[in-house]
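Colleague: Sequence:
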Amino acid sequence: MAFTLRQLQYFVAVAEQGTVTRAAQNLSISQSSITEAIKELETDLGVELFDRHPRGLSITHNGHQFLRHATKILADVSDARRSFSDSREERGGRLSLGVTSLVAGYVLSDLLARYRRACPGVEVSAIEDNGSYLEHLLVGGELDVAVMVISNLRDRMALQAEILETSPYRLWLPIGHPLVSADIISVEDIARQPLIMLTVDEIEENTGKLLTALGARPHVAFRTRSVEAVRSLVATGAGIALLPDLVYRPWSLEGDRIESRDVSGALPVVQVGMVWRKGSSLPQSARDFVGIAEALRSARPR
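193 is the number that UniProt numbering gives to position 193 of the sequence shown; each next residue is one higher, with no gaps.
Because the hints were derived from the structure by calculation, they are not lab data.
Among these hints, one or two may not hold up.
Stated by the list, open to error - Ranges between beta-carbon positions, derived for each pair:
| no. | residue 1 | residue 2 | range |
| --- | --- | --- | --- |
| 1 | H53 | R94 | 47 to 57 Å |
| 2 | D129 | E40 | 44 to 54 Å |
| 3 | D129 | R68 | 22 to 32 Å |
| 4 | Q25 | A126 | 27 to 37 Å |
| 5 | L282 | L253 | 30 to 40 Å |
| 6 | G237 | S28 | 35 to 45 Å |
| 7 | R116 | S226 | 23 to 33 Å |
| 8 | R94 | D129 | 17 to 27 Å |
| 9 | E128 | V180 | 33 to 43 Å |
| 10 | Q25 | V180 | 19 to 29 Å |
| 11 | R94 | A161 | 16 to 26 Å |
For every residue, glycine included, the Cβ atom is placed at its ideal position computed from N, Cα and C.
Using the sequences and the accompanying hints, generate a full structural model.
Modeller: Listed below in structure tokens is the structure:
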């Protein structure tokens, strides 16, 4: 039996949400429907996509590999449907984009690929920089749109933002770490551990404020601008990390496993969105980009 799009959607939802319960809530269906669909999918593929344990599910290496294919299949179907509803003629023009470091590899790449397929005649130029500088370029009219972390957007009077993705902070741990098996992980538990700190897109500022507000001083063992470096350092036991879930992947470049766990208490979330200048007349190329981003957001499992 060939797998179905619905099975793929359920699989992606569980992989992104981390549990069948949360996936079922977001999809507004029963947990048994998701469980049955994933079992059928595993039977069809002949591999286990998730490891089952008392705490729930964790994605396997095969599952992680298949997740990329499943996400692309669902996105391609969304593109195909959109192509029949889009009666516009091919347009030319230019699009000036801005992107922050954290967003570039985890949100923009797929979005930009879709845009290039939909609008091949548009000349796209993009710049990666910090949020403050991108805001300056947007206000000055030097950028049409920026895709960036908007949780700490500074100039909300001059800029309009639309959320594309909301990502909670979670704790990254190496295999065998004592906190992996803990029923509840508190911020105080984190403060006693060596911390690998990511220093892009206000992550260090937000993490420091969070721990300080709760009376804990972070013990920073290593600071880096590279998410891949964080992955490798955590996987090899150099420390733990508190990062937005959107950049989590269960394997380091060396193939070592990384666990992800919730932390009790009110943690901040990272909002990624599109930003443009209020009151500006966006060129058609930018309006098309915004429309494709909105369609991609709507296609994701809820």
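Colleague: Evaluate each hint against the coordinates.
Modeller: Now the hints, each set against the structure:
1. H53 / R94: 47 to 57 Å: Given about 52 Å between the Cβ atoms, the range holds.
2. D129 / E40: 44 to 54 Å: 46 Å, holds
3. D129 / R68: 22 to 32 Å: 28 Å, holds
4. Q25 / A126: 27 to 37 Å: Given about 36 Å between the Cβ atoms, the range holds.
5. L282 / L253: 30 to 40 Å: For L282 and L253 the Cβ distance comes to about 39 Å; the hint holds.
6. G237 / S28: 35 to 45 Å: 40 Å, holds
7. R116 / S226: 23 to 33 Å: Given a distance of about 27 Å, which is inside 23 to 33 Å, the answer is holds.
8. R94 / D129: 17 to 27 Å: 19 Å, holds
9. E128 / V180: 33 to 43 Å: About 34 Å separates the Cβ atoms of E128 and V180, which means 33 to 43 Å holds.
10. Q25 / V180: 19 to 29 Å: Roughly 25 Å apart at Cβ, these two residues keep to the hinted range, so it holds.
11. R94 / A161: 16 to 26 Å: 22 Å, holds
Comparing the model with each numbered hint stated earlier shows that all of them hold.
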